[in-house]
Amino acid sequence: MRFWNNDLLGDAGAVRRAATASLGRLAAAMLLTGLAGPALAQAVVAPDAFASKPAPLSSPQAPATTLAQRLEQALNEPASVESSGGSSEAAAIRLFYYGRGYRPAWTDNARRGELIAAVEASREHGLAPEDFDIAALRKVAARSDDDAQMVVHRELLFTETLARLVTQLRYGKVDPSALYSTWNFSPPPGVQERAQTLDEVLEAASLQSALATLAPQDAAYRGLQQALSRFTALAAKGGWPSVPDGPTLRPGESDARVRALRARLQAEGWLAEEGKAGKAGKADAAGERQGNKPGKASARGDATRYDKALAEAVQRFQTAHGLRPDAAVGSSTVAALNVSAAERVAQIRVNLERVRWVARDMSADRLVVDITSFNAALQLDGAQVWSSKVMVGRPARETPVLLDHVQHLVLNPKWVVPPTILREDVIPGMNRNAAYLQQHNLRIVNRSGQAVAPEQIDWSNAKRGGFPYQVVQESGSRGALGQVKFSLSNGYAIYLHDTPSRALFSKPVRALSSGCVRLEKPRELALLLLDDPQRWNEEALAAAIASARTRTLPVGRHVPVMLLYRTAVADGSAATDHKGAVSFRVDIYNQDPPLLAMLDRRSRPRPLSVSAPLM
Numbered sequence: 001m002r003f004w005n006n007d008l009l010g011d012a013g014a015v016r017r018a019a020t021a022s023l024g025r026l027a028a029a030m031l032l033t034g035l036a037g038p039a040l041a042q043a044v045v046a047p048d049a050f051a052s053k054p055a056p057l058s059s060p061q062a063p064a065t066t067l068a069q070r071l072e073q074a075l076n077e078p079a080s081v082e083s084s085g086g087s088s089e090a091a092a093i094r095l096f097y098y099g100r101g102y103r104p105a106w107t108d109n110a111r112r113g114e115l116i117a118a119v120e121a122s123r124e125h126g127l128a129p130e131d132f133d134i135a136a137l138r139k140v141a142a143r144s145d146d147d148a149q150m151v152v153h154r155e156l157l158f159t160e161t162l163a164r165l166v167t168q169l170r171y172g173k174v175d176p177s178a179l180y181s182t183w184n185f186s187p188p189p190g191v192q193e194r195a196q197t198l199d200e201v202l203e204a205a206s207l208q209s210a211l212a213t214l215a216p217q218d219a220a221y222r223g224l225q226q227a228l229s230r231f232t233a234l235a236a237k238g239g240w241p242s243v244p245d246g247p248t249l250r251p252g253e254s255d256a257r258v259r260a261l262r263a264r265l266q267a268e269g270w271l272a273e274e275g276k277a278g279k280a281g282k283a284d285a286a287g288e289r290q291g292n293k294p295g296k297a298s299a300r301g302d303a304t305r306y307d308k309a310l311a312e313a314v315q316r317f318q319t320a321h322g323l324r325p326d327a328a329v330g331s332s333t334v335a336a337l338n339v340s341a342a343e344r345v346a347q348i349r350v351n352l353e354r355v356r357w358v359a360r361d362m363s364a365d366r367l368v369v370d371i372t373s374f375n376a377a378l379q380l381d382g383a384q385v386w387s388s389k390v391m392v393g394r395p396a397r398e399t400p401v402l403l404d405h406v407q408h409l410v411l412n413p414k415w416v417v418p419p420t421i422l423r424e425d426v427i428p429g430m431n432r433n434a435a436y437l438q439q440h441n442l443r444i445v446n447r448s449g450q451a452v453a454p455e456q457i458d459w460s461n462a463k464r465g466g467f468p469y470q471v472v473q474e475s476g477s478r479g480a481l482g483q484v485k486f487s488l489s490n491g492y493a494i495y496l497h498d499t500p501s502r503a504l505f506s507k508p509v510r511a512l513s514s515g516c517v518r519l520e521k522p523r524e525l526a527l528l529l530l531d532d533p534q535r536w537n538e539e540a541l542a543a544a545i546a547s548a549r550t551r552t553l554p555v556g557r558h559v560p561v562m563l564l565y566r567t568a569v570a571d572g573s574a575a576t577d578h579k580g581a582v583s584f585r586v587d588i589y590n591q592d593p594p595l596l597a598m599l600d601r602r603s604r605p606r607p608l609s610v611s612a613p614l615m
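Counting from 1, position 152 in the sequence shown corresponds to residue 152 in full-length UniProt numbering; the numbering is continuous, with no gaps.
Heads up, some of the hints might be wrong.
Said to hold, decoys possible - Dumping the calculated DSS-like pairs for lysine-lysine here, alpha-carbon to alpha-carbon at most 27 Å:
#1 LYS507 <-> LYS389
#2 LYS308 <-> LYS507
#3 LYS507 <-> LYS521
#4 LYS389 <-> LYS414
#5 LYS414 <-> LYS308
#6 LYS521 <-> LYS389
Unchecked claim - Cβ-Cβ distance ranges computed for the label pairs, FRET-style:
#7 SER460 <-> ARG250: 48 to 58 Å
#8 GLU200 <-> GLU124: 17 to 27 Å
#9 GLU343 <-> ALA148: 46 to 56 Å
#10 LYS139 <-> GLU193: 26 to 36 Å
#11 ARG103 <-> ASP600: 29 to 39 Å
#12 VAL416 <-> GLU253: 50 to 60 Å
#13 PRO395 <-> ALA178: 55 to 65 Å
#14 ASP145 <-> PRO395: 33 to 43 Å
#15 ARG601 <-> THR107: 28 to 38 Å
#16 SER547 <-> ASP381: 39 to 49 Å
#17 GLU274 <-> ARG394: 57 to 67 Å
#18 GLN534 <-> VAL445: 31 to 41 Å
Derived by calculation from the structure, the hints in this document are not laboratory data. Where a beta carbon is used, it is the ideal one built from N, C-alpha and C, also for glycine.
All chains should be modelled from the sequences, with the hints used to inform the complete structure.
Below you can see the structure in the form of structure tokens.
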């Protein structure tokens with residue numbers, strides 16, 4: 001599809017190539033901001049594409065006489081399109097109108113109605129129609145007069161709203177780099193692509209359908225949308241009853257709190273209400289599906305007895321919430337049960353935003369570390385081929401959110417103690433225990449790899465960061481990195497590795513490391529990434545490890561590594577009688593509240609340069 005008129009800019013590809021050849025994409029985008037205006041943008045982006053382009057419709061000195069001239073003048077004023085999406089959105093709006101010769105885009109009342117309907121439907125994505133000044137849109141859309149000043153006002157208002165909606169649906173509302181200093185996922189596109197998207201949406205037969213396709217299309221996002229709808233409805237009905245605190249409830253016991261427990265699980269669909277057939281359930285050991293059955297105890301009149309059906313429902317709930325599925329209703333399970341429906345709605349909304357942030361980087365091949373579920377999974381050619389329990393950073397030493405790749409594998413790796421662990425663990429340990437280094441198989445070496453005696457070192461400099469040595473742990477069965485290390489390319493000393501502390505994988509909450517990711521099944525992952533079955537099979541890998549020799553191996557299959565933080569996931573693991581089942585996780589790093597606050601913060605209204613009464 002040609003975006004620009006032939007007599008204006010040529011096709012979009014030509015413009016992009018010319019811009020890249022002259023100043024580079026970034027420089028071109030900067031010059032297309034409101035500081036430059038269309039005339040300068042024309043000269044900079046593609047000077048050879050404008051031989052037949054007439055002079056601008058108007059100039060700052062000449063009075064505007066036509067609607068197109070009025071619109072051009074309004075767009076040239078610095079404050080005309082100060083979009084909440086920043087200079088890229090504002091520049092895209094200017095470039096969009098420049099590409100269409102400043103023809104109005106919102107003369108059709110039905111089209112304006114479609115945008116208003118799309119703004120209202122933004123609730124389905126966890127966004128807020130109020131963020132788009134929907135009241136002003138309705139008032140302006142209702143105006144039937146064709147006063148030029150009013151038309152220009154309408155154009156700026158509706159196009160800026162469309163640009164903002166496109167951005168929020170496709171890339172998210174909140175800038176993730178404001179929350180994560182390590183953020184390195186794909187950034188939103190430049191001005192050229194944004195402007196073309198505006199044109200494509202407006203040219204589509206259905207504006208609403210075109211906008212809907214901009215949001216992530218994967219099952220995880222759609223599942224969260226279904227969950228949002230269901231939990232919003234539950235919250236509107238008053239949510240669910242709370243379960244009183246008390247001693248741990250176990251199957252077979254009788255307790256007055258069982259009534260509240262049963263009602264709570266029925267309200268969310270984990271347990272079918274008496275007299276209603278349950279369709280969904282969790283696969284039993286034989287792999288068959290079993291329904292969510294109502295408790296027999298209630299049918300007998302013993303509503304206080306913790307029966308088998310209720311215990312099975314509790315186990316399903318516990319599994320989906322990252323709790324030990326033992327059917328014992330203790331403090332952790334009660335805490336999860338007593339999170340309100342409104343709080344769950346907020347949790348789903350922030351996780352829809354997180355999906356929008358990374359959707360463009362979700363390739364068919366990917367290794368995802370799900371920080372809050374303490375699991376990792378490798379997907380190749382769109383199918384999951386490996387999964388493993390993991391340990392991640394404890395709250396004081398968070399595993400960062402980032403996009404990376406495996407550079408190479410190291411068998412029988414040595415461990416070079418990172419600066420943070422040196423300052424906070426090793427030096428205090430040495431101060432407490434003179435044999436600390438020996439007990440942990442650590443030694444100090446200089447830049448040449450020669451051993452240095454601890455008593456020769458000024459440890460006060462080490463605490464201040466001036467430490468010209470390395471503390472190294474030799475490889476071995478008890479080495480901190482285990483037998484396999486997966487080296488990543490980031491600058492934060494974060495990588496994936498084996499661990500000798502195998503017993504810790506039995507814990508349901510595994511935020512236990514100093515930031516790196518410990519894998520329960522590293523050898524299986526190593527074979528998949530080596531991708532050389534003729535040379536590297538289970539026996540060959542075991543023999544190489546048994547040799548105790550440190551070896552660095554190149555990977556044969558290069559896949560992106562995504563360290564993600566998600567506290568609500570619609571992955572099909574939460575089996576209930578309802579669509580929109582979702583697995584909730586504990587917000588171990590307390591990252592939901594700041595994101596929710598930014599998501600709920602209303603965007604600053606755009607100061608229109610052309611004022612017009614709304615009533």
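Each hint, compared with the structure:
In summary, the hint linking LYS507 to LYS389 is supported, as the alpha carbons are separated by about 10 Å, within the 27 Å threshold. For the suggested pair LYS308 and LYS507, the alpha carbons sit about 25 Å apart, so the restraint of at most 27 Å is met. For a cut-off of 27 Å, the pair hint linking LYS507 to LYS521 stands: about 16 Å separates their Cα positions. The straight-line distance between the Cα atoms of LYS389 and LYS414 is roughly 23 Å, inside the 27 Å bound, and the hint therefore holds.
For the suggested pair LYS414 and LYS308, the alpha carbons sit about 51 Å apart, so the restraint of at most 27 Å is broken. With a C-alpha separation of about 8 Å, the suggested pairing of LYS521 with LYS389 holds against the 27 Å cut-off. At roughly 55 Å, the beta carbons of SER460 and ARG250 sit within the given window of 48 to 58 Å. At about 22 Å, the CB distance of GLU200 to GLU124 agrees with the hint of 17 to 27 Å.
Here the CB-CB span from GLU343 to ALA148 is close to 50 Å, well matched to the stated 46 to 56 Å. The hinted range of 26 to 36 Å is satisfied by LYS139 and GLU193, whose Cβ atoms lie roughly 32 Å apart. Judged by the Cβ atoms, the range 29 to 39 Å given for ARG103 and ASP600 holds: they are separated by roughly 37 Å. Distance hint check: the CB atoms of VAL416 and GLU253 are about 53 Å apart, consistent with the given range 50 to 60 Å.
Checked against the hint of 55 to 65 Å, the pair PRO395 and ALA178 fails, with Cβ atoms roughly 21 Å apart. ASP145 and PRO395 have their C-beta atoms about 59 Å apart, which leaves the hinted 33 to 43 Å range violated. Checked against the hint of 28 to 38 Å, the pair ARG601 and THR107 passes, with Cβ atoms roughly 33 Å apart. Between SER547 and ASP381, the C-beta spacing of about 33 Å breaks the proposed range 39 to 49 Å.
At about 44 Å, the beta-carbon gap between GLU274 and ARG394 misses the expected band of 57 to 67 Å. Judged by the Cβ atoms, the range 31 to 41 Å given for GLN534 and VAL445 holds: they are separated by roughly 38 Å.
Checked against the numbered hints above, the structure violates hints 5, 13, 14, 16 and 17; every other hint is satisfied.
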